[in-house]
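Novice: Each chain, letter by letter, is given below.
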Amino acid sequence: MSKPLKQIHLAAHFPGVNNTTVWSDPEAGSHIEFSSFAHFARTAERAKFDFLFLAEGLRLREQGGKIYDLDVVGRPDTFTVLAALAAVTERLGLTGTINSTFNEPYEVARQFASLDHLSAGRAAWNVVTSWDAFTGENFRRGGFLPQEERYSRAKEFLATANELFDSWQGDEIVADQETGTFLSDAKAGAFVHTGQHFDIEGRFNVPRSPQGRPVIFQAGDSDEGREFAAAGADAIFSRHATLDAGQAFYTDVKRRLAAYGRRPDQLLILPAASFVLGDTDAEAEELAKEVRRQQVSGATALKHLEFVWNRDLSAYDPEGPLPDIDPDVDGTHISQGRAQVRMYRDPLATARAWRELAAANNWSIRDLVIETGNRQNFVGSPATVAKTINDYVQSDAADGFILVPHITPTGLDVFADRVVPLLQEQGVFRADYEGTTLRDHLGLDTPGPTGP
Amino acid sequence: MSPSSPLHLAVALDGAGWHPAAWREPVARPRDLFSAGYWADLVAEAERGLLDLVTIEDGLGPQSSHLTEPDDRTDQVRGRLDAVLVAARVAPLTRHIGIVPTVVATHTEPFHISKAVATLDYVSTGRAGLRVQVTARRNEAAHFGRRAFPPLDPDDVRNPTDPVVRQLVTDLFDEAADHVEVVRRLWDSWEDDAEIRDVATGRFIDRDKLHYIDFEGAHFKVKGPSITPRPPQGQPIVSALAHRHPTGAPFRLLARSADLGYLTPEDADDARAQVTEVRAAQAEAGRADETLHLFGDLVVFLDDTPEAARDRRARLDDLDGGPYTSDARIFTGTPQQLADLLLELGESGLTGFRLRPAVASHDLPAITRGLVPELQRRNAFRRAYEADTLRGLLGLPRPANRYSPQLSTSREPGATPIATA
Chain A
1 MSKPLKQIHL
11 AAHFPGVNNT
21 TVWSDPEAGS
31 HIEFSSFAHF
41 ARTAERAKFD
51 FLFLAEGLRL
61 REQGGKIYDL
71 DVVGRPDTFT
81 VLAALAAVTE
91 RLGLTGTINS
101 TFNEPYEVAR
111 QFASLDHLSA
121 GRAAWNVVTS
131 WDAFTGENFR
141 RGGFLPQEER
151 YSRAKEFLAT
161 ANELFDSWQG
171 DEIVADQETG
181 TFLSDAKAGA
191 FVHTGQHFDI
201 EGRFNVPRSP
211 QGRPVIFQAG
221 DSDEGREFAA
231 AGADAIFSRH
241 ATLDAGQAFY
251 TDVKRRLAAY
261 GRRPDQLLIL
271 PAASFVLGDT
281 DAEAEELAKE
291 VRRQQVSGAT
301 ALKHLEFVWN
311 RDLSAYDPEG
321 PLPDIDPDVD
331 GTHISQGRAQ
341 VRMYRDPLAT
351 ARAWRELAAA
361 NNWSIRDLVI
371 ETGNRQNFVG
381 SPATVAKTIN
391 DYVQSDAADG
401 FILVPHITPT
411 GLDVFADRVV
421 PLLQEQGVFR
431 ADYEGTTLRD
441 HLGLDTPGPT
451 GP
Chain B
1 MSPSSPLHLA
11 VALDGAGWHP
21 AAWREPVARP
31 RDLFSAGYWA
41 DLVAEAERGL
51 LDLVTIEDGL
61 GPQSSHLTEP
71 DDRTDQVRGR
81 LDAVLVAARV
91 APLTRHIGIV
101 PTVVATHTEP
111 FHISKAVATL
121 DYVSTGRAGL
131 RVQVTARRNE
141 AAHFGRRAFP
151 PLDPDDVRNP
161 TDPVVRQLVT
171 DLFDEAADHV
181 EVVRRLWDSW
191 EDDAEIRDVA
201 TGRFIDRDKL
211 HYIDFEGAHF
221 KVKGPSITPR
231 PPQGQPIVSA
241 LAHRHPTGAP
251 FRLLARSADL
261 GYLTPEDADD
271 ARAQVTEVRA
281 AQAEAGRADE
291 TLHLFGDLVV
301 FLDDTPEAAR
311 DRRARLDDLD
321 GGPYTSDARI
331 FTGTPQQLAD
341 LLLELGESGL
351 TGFRLRPAVA
361 SHDLPAITRG
371 LVPELQRRNA
381 FRRAYEADTL
391 RGLLGLPRPA
401 NRYSPQLSTS
411 REPGATPIAT
421 A
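So the sequence lines, in the order shown, correspond to chains A and B. Position 29 of the first sequence, counted from 1, bears residue number 29 in the numbering used here, the numbering being contiguous throughout. Position 222 of the second sequence, counted from 1, bears residue number 222 in the numbering used here, the numbering being contiguous throughout.
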């Protein structure tokens, strides 16, 4: 007997401040006006998606000591825009990325519990960590950490926030107008936490929210990050959207759950994935090529080469050959405030390989950056993309995908209109919401006050 | 002041209302206090009454009947939602009214607050403000574990003789002024036309129009720029409640940092005196030419007859086990009587009022459906919204950006950097 079909989970990532987002397209709208966020959220909800996802960065990226100006710059406060989106949607989950280094548990727990109340149970928290002094310059406490402490702070931050969420059992508010009892327990919300990073006590002042705790996401890919997810997250926002890498990651992470007494279905693997749709596969391929050229302008190509060379390459012609000089491996890194720079561990070797590749293919700098850069994950006709997504999920490369359109705010519309109906016809994606909370959509238990 | 609105009117929202037994009134909805619908209904009601703005109370600890310490009472409302998020949740459901959540300067990051209120301004298309508050409560400091305060006697906070307490009060308000300064600089850290989308050069922004704020004060340093572009109003409204205090610190905060202050005068003479003091502090802060609205705060019990209002207040006092006291004057009476009082107090230099409904679900509708028509009959209140932004409702122009080059030659009101001596 074949195993029953898995239900696919789908989410929508609001286009980010990187070169995946094509702002130069005539169709591209505002990245900051609320109407863009509302359009994007309503499209996701119309398509019955599980949730909307917002990333966060707390300092504008710089390169060569100057604010990076080639990508979309500027975004709203995560909590505030999610609370506003709760007013224009009814079922869609609302996932916000919130840093555990530049915040305090009491405040963040209040904000997530408040968001969960105000959205009637749709809040989720993508817990990220940071250690850089660069970002810390925007914060009164400085806020940077030795790199090795960032996960220990994140772990303790999350554990502390959970203690705050659990400090209310959920039945304390009696509000009996006759007897005059508002609270059944004078100590509701009482907590004491003593640890390496936080030493706090008192009373949490937001009563237990509909989901008990927000759904917890983890996004790091390191061994520590995977372990952190296995120990306490409900879902992973991963980068492994190819079949092989996805299956390897999926197997690895799900295997870690048993050590924490958890079942495989208690942690969802949801890779980020970009897509390009066309009427036919061939048309989609053409379109995808075009989009990649839009994503990598000549100026962008030079800046991306600078990540590896760690030098100012502005004098080079992006349509010309790669630089003969070698990368600067000694100086401080030219780029600050972005994760991408960590991808090149051996710049000299990368530079050598790229020169050979460019020479062999007669590629310019821009060609090289386009060809070695990320290809869109799903390219094809609606039928092809629906089939591919379903195959990936059924073959355990993922439990679903967090889709990243390249056009704001309408980039999701075509997926909603043309791919989702096919998945629904195949019975692998919901035709309508069956529950009201994000935990309902994701098939996760609602934790009791003492934890799951 | 705009001629169509000789008097400005705000309502302060706090749980079921300002009387601690408000939640026990049959009309109250105590089980809904943590739902979006409750807040949406209140703000919609306020907007129906054409009010300038609502403020939303907040605090980083449970409410308490005691000024400086927590209590263990179970017969009053305890617990509240984050005010900025409540504000954001109701903003898309309204079109005209200003929405002004409370933020606590003492324990929060100005970088976060700045982008949160800027975002509130985006989601409300230009109707955001903040009410800045300080706290010296030991229990709230312990929720953050980053600083400690000495035990404080309520009388000593109100009228400190101990130099240590005087210094503490002064420091907290000065820190709040620095907090506001950072928030304001960050709002200006993007010039309005910084986003250029120049396809020819591939540049999304003109980075010369983004500015490091490089703030360094006694309490913190902040680099900037904000991650959020300049909000629709340029500078959302900054407001604060301020009491007369021996240190002068609260009035100084208004003078240095605010567009709108809430005062708590006992009568017209006291109002006149307080307004004079704030205006003097404003001149001292070099802001004499700028608009600083001063609203009088009043707790209101409104009914069709004075007896009914008095009886209701007495009934609630009985339920709570003692008479309700407040920093603000407590009014009981009819909407007509309140209109009389407001017009009288308005002669003293106050530019408007912030009314604190004793019972939200009773006294707010009494304001919007009783007081407002009464004031309109006397040509003392607007008959329709005359602006789309909160600054517009308050008669404030959209300020020039302090970092724009042209500002060095023409300084416009509201945009002058505040000294942080």
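Calculated from the structure, these hints are not laboratory results. Values in this document were obtained by computation on a predicted structure and should not be read as measured data. Misleading hints may appear alongside valid ones.
[To be verified] With a straight-line cut-off of 27 Å between C-alpha atoms, the simulated BS3-like cross-links for lysine-lysine are:
(1) A:66 x B:223
(2) A:289 x B:209
(3) A:66 x B:209
Novice: If a hint holds in the structure, say so; if it doesn't, say that too.
Specialist: So, going through the hints one by one against the coordinates:
Restraint check: the Cα-Cα separation between residue 66 (chain A) and residue 223 (chain B) comes to about 14 Å, which is no more than 27 Å; the hinted pair holds. Restraint check for residue 289 (chain A) and residue 209 (chain B): not satisfied, since their Cα atoms lie roughly 33 Å apart, outside the 27 Å limit. A hinted pair counts as satisfied when its Cα atoms are at most 27 Å apart, and residue 66 (chain A) with residue 209 (chain B) qualifies at roughly 12 Å.
Going down the numbered hints, you'll see the structure goes against just number 2.
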